[in-house]
Amino acid sequence: MNPYVLTILLSSLGLGTVLTFASSHWLLAWMGLEINTLAIIPIMAKQHHPRAIEATTKYFLTQATAAAMILFASTTNAWLVGEWEIHQLSHPLATTTAMLALALKLGLAPVHFWLPEVLQGLELTTGLILSTWQKLAPFALMIQVAPAIDSSLLVALGLMSMLVGGWGGLNQTQLRKILAYSSIAHLGWMVLILQFAPSLTLLSLFLYIIMTSSAFLALKTNNSLTINTLATSWTKSPALAPLTALVLLSLGGLPPLSGFMPKWLILQELTKQELPLPATLAAMMALLSLYFYLRLCYAMALTIYPNTLTAAAPWRLDFTIITLPLSIVTILALALLPLTPAVTAMLTL
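Residue numbers (my numbering): 131 to 479.
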């Protein structure tokens, strides 16, 4: 793609998200979401491959449906209550419709079906943008709408997303689909705690973006798209292979890695709120996700590919445009757990 065109598209992507962040009026927020969607569509379709075009079409249709539902919810609220402000969304019909529309935009269960299929048709860099940056604007709206939503709806959405995210990833061999189901499960954790501790939701989102960025960049460096190619990654870059396995375990929430921090704090907050059943179910569903991460680590670390290699293993990574971001996000994805006391102190301020 022409670098000037790419610059304009990426600038529009940033503009749409910032516009949604800064808006207090539903129409302005909707406009930001639309700019965001329209900017990423050419980036998704730049491969000129039938799978990429199919994924782009599915993404456009789902995002257009969600945007129409948001417009319907805000118009309904303005008609019944007389308010266009995001904070003034109060009518039950409008709040429920807006929440389901935002769930569709994010890919929460039970409206998650588009996410694995879309992510599977994209290259890893575009998939990274879709899994991280594209979550920010809908989440900003969801945090503002959440106080008006019935807490049982949010808990149900969260638990269902965690179940679907864990269950759906078990039988997959394509790494992009596994990361899509991982995204659904992590979004479930965020939505589960959204009404009780929004600061924990933001912490989970921040760490999810770091860990997912590290996973996508590591897979791009190894050029791995399936479990079979992941199993040979130690021959391409022996130094990166164990780090990739640790990043995947961090995504699974295994201590002493960074991914354990949000799960620990969320379960602690749920028990403080006297919700032992959701906390127990969440902890059990985390095991489903952990299983398929362990499966990937097993394929990487404990299996030897049948071909014998005569070439020397390259222990140093070739310096490319993604080497520095990869090293930064990998360190953050592995080593933030000791900062938990400082994080909890900041959250209680």
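Hints listed in this document are in silico derivations from the structure and should not be mistaken for laboratory results.
Since the structure is predicted, the reported quantities are computational estimates derived from the model, not experimental observations.
Please note that a few of the clues may not be correct.
[Said to hold, decoys possible] Straight-line C-alpha distance at most 25 Å; calculated DMTMM-like pairs for lysine to aspartate or glutamate:
id	residue 1	residue 2
1	Lys350	Asp280
2	Lys393	Asp280
3	Lys366	Glu253
4	Lys350	Glu213
5	Lys307	Glu404
6	Lys393	Glu404
7	Lys307	Glu184
8	Lys188	Glu253
[As the list claims (entries may be wrong)] Using C-beta positions, here's what the derived DEER-type ranges look like:
id	residue 1	residue 2	range
9	Met476	Val148	20 to 26 Å
10	Leu283	Thr474	15 to 21 Å
11	Ser282	Ala475	38 to 44 Å
12	Phe449	Met476	32 to 38 Å
13	Ala152	Tyr428	44 to 50 Å
Heads up, the beta-carbon is just placed ideally off N, CA and C, and yes, glycines get one too.
Results for each hint:
1. Lys350 to Asp280: violated, 41 Å
2. Lys393 to Asp280: holds, 23 Å
3. Lys366 to Glu253: holds, 20 Å
4. Lys350 to Glu213: With a Cα-Cα distance of about 47 Å, the restraint between Lys350 and Glu213 is violated, given a limit of 25 Å.
5. Lys307 to Glu404: It is violated: about 35 Å lies between the C-alpha atoms, which goes past 25 Å.
6. Lys393 to Glu404: Measuring from Cα to Cα gives roughly 17 Å; hence the hint holds.
7. Lys307 to Glu184: It holds: about 15 Å lies between the C-alpha atoms, which stays within 25 Å.
8. Lys188 to Glu253: Between Lys188 and Glu253 the Cα gap is close to 16 Å, so the pair holds against 25 Å.
9. Met476 to Val148: 20 to 26 Å: Check passed, 24 Å falls within 20 to 26 Å.
10. Leu283 to Thr474: 15 to 21 Å: Check failed, 28 Å falls outside 15 to 21 Å.
11. Ser282 to Ala475: 38 to 44 Å: violated, 31 Å
12. Phe449 to Met476: 32 to 38 Å: holds, 35 Å
13. Ala152 to Tyr428: 44 to 50 Å: 46 Å Cβ-Cβ, so the 44 to 50 Å window holds.
Consistency note: the structure conflicts with the earlier hints numbered 1, 4, 5, 10, 11.
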